[in-house]
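Order-wise, the sequence lines are chains A and B. For the first sequence, my numbering assigns the number 1 to the initial residue and increments by one for each residue that follows. For the second sequence, my numbering assigns the number 1 to the initial residue and increments by one for each residue that follows.
Keep in mind that a hint or two might mislead.
[To be verified] Listing some non-contacts, in silico: residues in chain A with all C-beta distances to chain B over 10 Å:
| hint | residue |
| --- | --- |
| 1 | A21 |
| 2 | R31 |
| 3 | E39 |
| 4 | R51 |
| 5 | T67 |
| 6 | A79 |
| 7 | G83 |
| 8 | W90 |
| 9 | R105 |
| 10 | V127 |
| 11 | A137 |
| 12 | M156 |
| 13 | S169 |
| 14 | P173 |
[As the list claims (entries may be wrong)] Pulled a few chain B residues facing chain A out of the computed Cβ check, cut under 10 Å:
| hint | residue |
| --- | --- |
| 15 | A24 |
| 16 | D26 |
| 17 | T28 |
| 18 | V66 |
| 19 | V98 |
| 20 | E190 |
[Claimed, not checked] Here are the computed distance ranges between Cβ atoms for each label pair:
| hint | chain 1 | residue 1 | chain 2 | residue 2 | range |
| --- | --- | --- | --- | --- | --- |
| 21 | A | A129 | B | D154 | 47 to 55 Å |
| 22 | A | H61 | B | G152 | 40 to 48 Å |
| 23 | B | A56 | A | T174 | 21 to 29 Å |
| 24 | A | E126 | B | A3 | 30 to 38 Å |
| 25 | A | F81 | B | S64 | 24 to 32 Å |
| 26 | A | H61 | B | G87 | 37 to 45 Å |
| 27 | B | A53 | A | T174 | 27 to 35 Å |
| 28 | A | D125 | B | D160 | 33 to 41 Å |
| 29 | B | A165 | A | P144 | 48 to 56 Å |
| 30 | A | P144 | B | A49 | 38 to 46 Å |
| 31 | B | D154 | A | R191 | 57 to 65 Å |
| 32 | A | A129 | B | P88 | 44 to 52 Å |
Think of the hints as simulated: they come from the structure by calculation, not from any bench. Where a beta carbon is used, it is the ideal one built from N, C-alpha and C, also for glycine.
Here is what each chain is made of, one letter per residue.
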Amino acid sequence: MTAGHSLPNQPVSTTGGEDPAADGWLVGKARGGDVDAFEVLVRRHRTRVYRIALRILGDPHDAQDVTQDVFIQIWTALAGFLGGSTFTTWLYRVTVNRSLNHRQRRRVALPLPDDDPPAGAGPADEVIARHRARATARAIASLPADQQAVFVLHQMEGLSYSEVAAILSLPEPTVRGRLARARRALLGQLRDWA
Amino acid sequence: MIADRLRCGAAVDDLVSQISDGTASDRTPHQETCPHCQAALAEYVRLWAPIDALAAESVHPPDSIVDEVLRRIHGAVSDPAYGTLTGPRGDTRIASRVVAVTARVTTEQIPGVRAALARGRPAPVDGGTTGVVAGVAGISTALQITLAASYGEDLNALADRIRTAVARSVREITGLQPAEITVIIDEVLE
Numbered sequence: 001m002t003a004g005h006s007l008p009n010q011p012v013s014t015t016g017g018e019d020p021a022a023d024g025w026l027v028g029k030a031r032g033g034d035v036d037a038f039e040v041l042v043r044r045h046r047t048r049v050y051r052i053a054l055r056i057l058g059d060p061h062d063a064q065d066v067t068q069d070v071f072i073q074i075w076t077a078l079a080g081f082l083g084g085s086t087f088t089t090w091l092y093r094v095t096v097n098r099s100l101n102h103r104q105r106r107r108v109a110l111p112l113p114d115d116d117p118p119a120g121a122g123p124a125d126e127v128i129a130r131h132r133a134r135a136t137a138r139a140i141a142s143l144p145a146d147q148q149a150v151f152v153l154h155q156m157e158g159l160s161y162s163e164v165a166a167i168l169s170l171p172e173p174t175v176r177g178r179l180a181r182a183r184r185a186l187l188g189q190l191r192d193w194a
Numbered sequence: 001m002i003a004d005r006l007r008c009g010a011a012v013d014d015l016v017s018q019i020s021d022g023t024a025s026d027r028t029p030h031q032e033t034c035p036h037c038q039a040a041l042a043e044y045v046r047l048w049a050p051i052d053a054l055a056a057e058s059v060h061p062p063d064s065i066v067d068e069v070l071r072r073i074h075g076a077v078s079d080p081a082y083g084t085l086t087g088p089r090g091d092t093r094i095a096s097r098v099v100a101v102t103a104r105v106t107t108e109q110i111p112g113v114r115a116a117l118a119r120g121r122p123a124p125v126d127g128g129t130t131g132v133v134a135g136v137a138g139i140s141t142a143l144q145i146t147l148a149a150s151y152g153e154d155l156n157a158l159a160d161r162i163r164t165a166v167a168r169s170v171r172e173i174t175g176l177q178p179a180e181i182t183v184i185i186d187e188v189l190e
């Protein structure tokens, strides 16, 4: 989550267009009670927060609820954010924790997809592709919690091992181990469906 | 279950990492000649395709998330200030918040701007009303834009570019007239 520079004075991030310095400025304003500054932070980061929640929970409505709760929690806790980590590290940590807590409370076993694609409009290839996408999302959502967080942050969001380790407060070798187990578990499921 | 190793002794985890990191075509000298590895790589590429497709899928959060968050924080979306465009078939009311968002998004797109905040403020028109104001001779709004700029920018020139761009976008998008645009450069960031 460090910003590089390809042109003078223009931030270029290695992680999806983030700008930690600008985030820091906005956080400073928001800590002083500036709702406008917080709104800009929400707009900057809502897509990724929502996407992480969606991949962990596998349900758009739950992801929306969690995204809203995450930003409310961030707002109420801003005064305690001392800047020891970047804003996004903190934000993604809260997102993962709230998503996993929500998943645990829900306690609903996510069913694996049927073998046959559902009936629907459109060419057969599209129906199969949609079915496969849903099935894949459910497979990710049904991973054990420790593997799932690592998999979503690294494999789906493209964060580096060190970034994932910082977000989850884990040693990097642990991140790599959990990721390997998650990949093999998913590959096994995908092979069973094939 | 997937075995730990192929018959040639290659570790399955290494091959799976190779596939999931998108480097399946970067084969080792062993893989170049090993039929077990070649078959496994081809199979894993095929199986892994739905994961890559899902990761590349575009995800759009509902627009209502921002409004809901702000409503729960402060009721900030209940901004009472509106501009009014009067037409032959009825009035169009535009909240000052819409003008502020238009100005902020425009400002953020200008090179040299790292982050921006914008809000409607009392307009310099008769009547002493606040926000986006409709006057007899037309409509007007005054804007205050607070921003963080990149270090090294010519800040006066940057402010002029912002005023020009914001005035144009507010006019084009909302139909309201920006009577005054105050630019506050609050910070420079490296």
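Going down the list of hints, with the structure as the test:
no. : hint                        : result
1   : A21                         : violated, 4 Å
2   : R31                         : holds, 14 Å
3   : E39                         : violated, 6 Å
4   : R51                         : violated, 5 Å
5   : T67                         : violated, 5 Å
6   : A79                         : holds, 14 Å
7   : G83                         : holds, 14 Å
8   : W90                         : holds, 17 Å
9   : R105                        : holds, 20 Å
10  : V127                        : holds, 14 Å
11  : A137                        : violated, 6 Å
12  : M156                        : violated, 5 Å
13  : S169                        : holds, 23 Å
14  : P173                        : holds, 14 Å
15  : A24                         : violated, 13 Å
16  : D26                         : violated, 17 Å
17  : T28                         : violated, 18 Å
18  : V66                         : holds, 5 Å
19  : V98                         : violated, 13 Å
20  : E190                        : holds, 7 Å
21  : A:A129 / B:D154: 47 to 55 Å : holds, 51 Å
22  : A:H61 / B:G152: 40 to 48 Å  : holds, 46 Å
23  : B:A56 / A:T174: 21 to 29 Å  : holds, 27 Å
24  : A:E126 / B:A3: 30 to 38 Å   : holds, 35 Å
25  : A:F81 / B:S64: 24 to 32 Å   : holds, 26 Å
26  : A:H61 / B:G87: 37 to 45 Å   : holds, 39 Å
27  : B:A53 / A:T174: 27 to 35 Å  : holds, 28 Å
28  : A:D125 / B:D160: 33 to 41 Å : violated, 54 Å
29  : B:A165 / A:P144: 48 to 56 Å : holds, 50 Å
30  : A:P144 / B:A49: 38 to 46 Å  : violated, 24 Å
31  : B:D154 / A:R191: 57 to 65 Å : holds, 60 Å
32  : A:A129 / B:P88: 44 to 52 Å  : holds, 50 Å
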